[in-house]
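4 protein chains.
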Amino acid sequence: MTERIVLAYSGGLDTSVAIGWIAEETGAEIVAVAVDLGQGGEDMDTIRKRAIDCGAVEAVVADARDEFADGYCLPALQANALYMDRYPLVSALSRPVIVKHLAEAAKYHGASTVSHGCTGKGNDQVRFEVGIGALAPDLKVIAPVRDYAWTREKAIVWAEERNLPIDVTKKSPYSIDQNVWGRAVETGFLEDIWNAPIEDVYSYTANPAEPRDADEVVITFDKGVPVAIDGETVTVLQAIQILNSRAGGQGVGRLDMVEDRLVGIKSREVYEAPGAIALITAHQELENVTVERDLARFKRQVEQRWTELVYDGLWFSPLKDALDTFIAKSQEHVSGDIRMTLHAGKAVVTGRRSEQSLYDFNLATYDEGDSFDQSLAKGFVQLWGLPSKIAAKRAQQH
Amino acid sequence: MTERIVLAYSGGLDTSVAIGWIAEETGAEIVAVAVDLGQGGEDMDTIRKRAIDCGAVEAVVADARDEFADGYCLPALQANALYMDRYPLVSALSRPVIVKHLAEAAKYHGASTVSHGCTGKGNDQVRFEVGIGALAPDLKVIAPVRDYAWTREKAIVWAEERNLPIDVTKKSPYSIDQNVWGRAVETGFLEDIWNAPIEDVYSYTANPAEPRDADEVVITFDKGVPVAIDGETVTVLQAIQILNSRAGGQGVGRLDMVEDRLVGIKSREVYEAPGAIALITAHQELENVTVERDLARFKRQVEQRWTELVYDGLWFSPLKDALDTFIAKSQEHVSGDIRMTLHAGKAVVTGRRSEQSLYDFNLATYDEGDSFDQSLAKGFVQLWGLPSKIAAKRAQQH
Amino acid sequence: MTERIVLAYSGGLDTSVAIGWIAEETGAEIVAVAVDLGQGGEDMDTIRKRAIDCGAVEAVVADARDEFADGYCLPALQANALYMDRYPLVSALSRPVIVKHLAEAAKYHGASTVSHGCTGKGNDQVRFEVGIGALAPDLKVIAPVRDYAWTREKAIVWAEERNLPIDVTKKSPYSIDQNVWGRAVETGFLEDIWNAPIEDVYSYTANPAEPRDADEVVITFDKGVPVAIDGETVTVLQAIQILNSRAGGQGVGRLDMVEDRLVGIKSREVYEAPGAIALITAHQELENVTVERDLARFKRQVEQRWTELVYDGLWFSPLKDALDTFIAKSQEHVSGDIRMTLHAGKAVVTGRRSEQSLYDFNLATYDEGDSFDQSLAKGFVQLWGLPSKIAAKRAQQH
Amino acid sequence: MTERIVLAYSGGLDTSVAIGWIAEETGAEIVAVAVDLGQGGEDMDTIRKRAIDCGAVEAVVADARDEFADGYCLPALQANALYMDRYPLVSALSRPVIVKHLAEAAKYHGASTVSHGCTGKGNDQVRFEVGIGALAPDLKVIAPVRDYAWTREKAIVWAEERNLPIDVTKKSPYSIDQNVWGRAVETGFLEDIWNAPIEDVYSYTANPAEPRDADEVVITFDKGVPVAIDGETVTVLQAIQILNSRAGGQGVGRLDMVEDRLVGIKSREVYEAPGAIALITAHQELENVTVERDLARFKRQVEQRWTELVYDGLWFSPLKDALDTFIAKSQEHVSGDIRMTLHAGKAVVTGRRSEQSLYDFNLATYDEGDSFDQSLAKGFVQLWGLPSKIAAKRAQQH
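Chains as they are written, first to last, in the UniProt record's numbering: chain L, 1 to 398; chain W, 1 to 398; chain H, 1 to 398; chain E, 1 to 398.
The following block holds chain L by itself, in its conformation from the complex (with noise of 0.2 Å):
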């Protein structure tokens, strides 16, 4: 029986490519997946058909939309998850869900061998394999671009000869990697990192510089899951895709920083990602009403090692799950609206309202009605401060 190989497949020229020269290289039979993660462009049965006319003997295409909203949007959310605090985990999220239908289309199609287009000097790479590791330890792994320096350059010449159903001359400047959680722009002047994004990279998002009227939302949060917005009952997908919209629509959520990628080198990003960004902001104010104190202080060391571990490849793992039930364990309470001013490239919070409110209007006021008692300030300090007083006193007698 012939070997199969399963190929993570975009629709575009090199992995389309892909399929010939692998089938050639190893004499297997390739099976194409494509995964519909809400990154717009080409309809699903298009890439399909493609990956079938260029020589797969299967090609699976997957609405994982949903799925990939509910089971690893909802956790990056939840986590406030913003990598060197700026990036929301966009390509980083998106690799586990591929993963996972990668190792299911091997088995279903008892393939050995899974294959993927990242080059080896990116994340990508390590999110791919060490997830096939997880998921299905057995399969073997080849990555072209890495393993066999092939090209782009070397896809066109290989598409033209066998004349693949492609168009190899529109040329792109940008390379781009994009899903419903936002969207990642690299591009050959960016790398010079005193050059400023052009207005051009940007497609999710309009320019925040030009007039418009502020648009205000309230998102309302059940156990840390976005339920409605505006008062309107909405899954995790569609509060993702209205935010994006409205929020996109305000030039909310664009990044540009130089970051550190897995492989150890620095590289410089730009990203969009005006939903993600928008629901963060509103989390992360909703987390400051209901979140007790020492709670959300030790949270954030575990969202950011949580981030560190998602951005590094490292979604199927022990500690990822045992974060995974910490967190879900401090959103509990995690419920209410916030009302939020999107406008100028900013989502400002205005108010927030929560029946699991630990502020608690009467011991904060200054007005009648403060319930507070003073007199037990005086101890509370003196017993804060002594360990520092005890110092202080040895330091002076030495």
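The set of hints was computed from the structure by calculation and includes no laboratory data. Don't take every hint at face value.
Note: identical chains are not told apart, hence a pair may lie in one copy or across any two.
Unchecked claim - Taking lysine to aspartate or glutamate pairs in the EDC-like style, the calculated list, with each CA pair at most 20 Å apart, reads:
#1 K140 to D85
#2 K49 to D36
#3 K49 to D85
#4 K140 to D373
The model shown is predicted, which means the values in this text are computed figures rather than measured ones.
For this one, chain L is given, so just place chains W, H and E on it according to the hints.
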């Protein structure tokens, strides 16, 4: 010899009245100490004169603006200090420098006691008293508002009865604390956390929603210290002042949040800190370019702990001192230029350049000149994921 | 209806006297509550009778030994809880379970107040009162020793005057708190921290210096729970009791340290915890075998925070609850056998075996059968060290 | 000019053979470098002569014992460095100092390459190569065992064929790495982790089970540095040597554990480190007495990270340098005497005294002279528990 008490004096109604009241209650002589931290308002001579007129035996005013900028704001900038990822510690930074001046005045004037006007439900009482305990552990503390339930209403009556030279009629609805690093505003209607701030609460920042031209600025850092703006050499104080003006003019640095106080309650706080936010944003990105990954990751934990300590009143503490050495070491390569656009409430980095950059174009580029050896990646990925893979195999067997 | 006060009752002089004293001071009826946590000594019936004889209207005694072992000692074991890397939280674990019984008794008997005998300079007052605040926030607290300067001397006079059925003559030089998880001893001569403990302070442990034969034991864990000793099924309580006897018989578990109390002072403490130390030692090594590296590394931070929280009286707190979920998740594969030698004050692991082991002989061996692909290592090493190398190159240039 | 390669030379079979083999394979001249870290065994002159006899063009031997003790063991002591709470980093500390001598020799002798004898599944290859990358990023590395599958069997044949001056007949079943800080032993039968070590594997420590008299020692530290033993001034090296002898004579410092290697596998390791364990035990308790609580708590996290970094081969790294400054600062008051009893495998602290002590008898005592103001405690307890209490009230309402 008559006992002396050093009073932290602002020139306002409450502390003006306190001069006479404490003197009467205790029989002690009052030494008023006012410290200029760039809060603006009345000049220091006027304040000094009022203290004397209200009955102080001595009135000390100190221009501590450079001391505050260099010794308190700068360490906060290098720590990227944002409490709860938001608040740049405006009041929390000012208390230790005031405490230092109080302790020095107490020593110079032979006082046995210091007095402050803080309430018993806020953080500032802790910062004052823990600071005094650390700098002058033998000093006693009197806090009339907290310990004797002294109120504004009582103060007005007292001032009128004694005909003190204070205007008791102009009553602001706002309780304000401000210095060069920022401004904090509390007011009754904001104690309902669903209410949005109104434009009237702001003073350091223009309305970000009003259309105006963007402002581009280049900030130069040397070892973590801002040393030039648009090529003009500046002191730290000048850097903050210039950016307060320019970033403030674009509406940058408004904050509205629910915050965890040390005394165990949540409160609603509105802040403005245009210079602080602009500087921290620039500094963070320059660190992204110049600080090695593992150091940057651990520094985030150090930053959080540093910020909590300072918020919690432990500026003068052994842990703070030790964290300072870590942060100082981390800054030795944080030199270079950051170009930012200030506009519509946002400070956005658009370019960075540094002779200390760890960003290596040749390692990062996808174009020609790439010096990254991709053949190394396969082994890295395999061993990086090995623990997860072994754990996954175990999970499959059980 | 007469007010009722629930008193944490030990049967000793202080709390026996407190029954009458509090009743007299407050006019309330006293409900005495004694909880058996395996502390040994008098039987619970005797204690109940004495409470009644001293004037209690009700006396409740509860055998909470299994509840304590399963609900308090076991989580501490799974957290490898050693405060300051030494102290297994003997008293800190017992307070929350006592508090739970006090709160239940208060509810059942309609009491408005609880009372405890702790001083104002120890940790236990915090554990009692914070626990009460969390379980029954409306209950008031009376602490006669702390709030009314009630002393042992006053207690003796009081008892003699009223002819209470307590032997006031036998005076131990030791202040002791003990339960099945261990024993804490304080005494005057140990307050000089240069003094060594004498053999007389110990009760749970034999002198480790005396020659005797070693004892070998095999402890079986199932998901982090000790379930068998030398193949005999045990409850958690039995596991602790058996190891108290066997490890205690070899002098295991003596501790002598200077400790940081929550109230801001350092104190000298001597403990014995043979069962706890033997179990934690075994559990740690089984985790070394069965828990993945990154999870193990982060768990150490979680363990430290968990331990500090419990030491600091925050057993009933949102952060503790969330850390518990993390720890519970981490235990799912901690199953297997640990063989230990108990001898001369040490519990030494000599063997481990587990069907959940992540130790893979074929990957680890240097003999034949080695399945580790050494060719992967070169790439790993290069990329692992790349950030340091880039930083080193920079340092050379400047 | 002929290329030169610097070889890390031990004098043993493998590296003796490597001299000729590398020369033959590469055509380069070999410079052998042997570093004395207190490992004992043959004298350095014998080793140098053998290198020449085996074909080295130069043979450098360095007495780095004090350098190792002062620059590597001492920082580990101040970090209380115990990987996985057990292993005092014996080999991990030695690699960086060897790397330093290799890099210096490479520079001095104009070599382009260094070579080491490590396998591809251990940690030491990482420590060597990452260290070389940080100290001399332009040097190349050859690892014959890893990269050319060079085995002991091949080495014996090679040595016999060329009649090299090495005794190939005596074959130890143990693979040993040792230096003054400790000794690591691996051997086939211990790869079965259920097997206990036998007495024969130990060399630095006597059998702790044999009866003998206890040994009492007083160690004096000055700012974290051991400066005297029983009143006699010592260097750090002497302190370690004396305690290796005295603590080793009592069987102190044996370790047997399953350990997480950086390369992703678990391995079984047996160590002896009597001096290291005795010194760390003493140092930890002196820190308990002299280091303020918050600093001590955070230092535990720093210690863990420092230890992981050094274990993971990142001695020469920016984060390690920054953590060093924190640790150095933390030691400024760690001065005083620790009295210990060494006996039956344990080093037990029995007394501590320090002019820098933060233990305050008057605050701690329950006898007369108590200066602790217990009236402060009530307020402290109330506010300390307030966040939990507010959260508990919320939980009751829902």
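For this session: Since the copies are identical, ignore which copy is meant and state whether K140 and D373 lie within 20 Å (CA to CA) inside a copy, between copies, both or neither.
Result: Intra 66 Å, inter 14 Å, cutoff 20 Å: inter-copy only.
Exercise. How do K49 and D85 come out at 20 Å by Cα distance, when the copy is not named: within, between, both, or neither?
Worked result: The answer is neither: 41 Å in one copy and 48 Å across copies each exceed 20 Å.
Problem set entry | 20 Å Cα threshold - placement of D36 relative to K49 | The answer is within: 15 Å in one copy meets 20 Å, while 69 Å across copies does not.
Exercise. At most 20 Å between C-alpha atoms: does K140 with D85 qualify within a copy, between copies, both, or neither?
Worked result: So K140 and D85 fail the 20 Å test inside a copy (35 Å) and across (37 Å) alike.
Violated hints, in rising order: 1, 3; the structure is consistent with all others.
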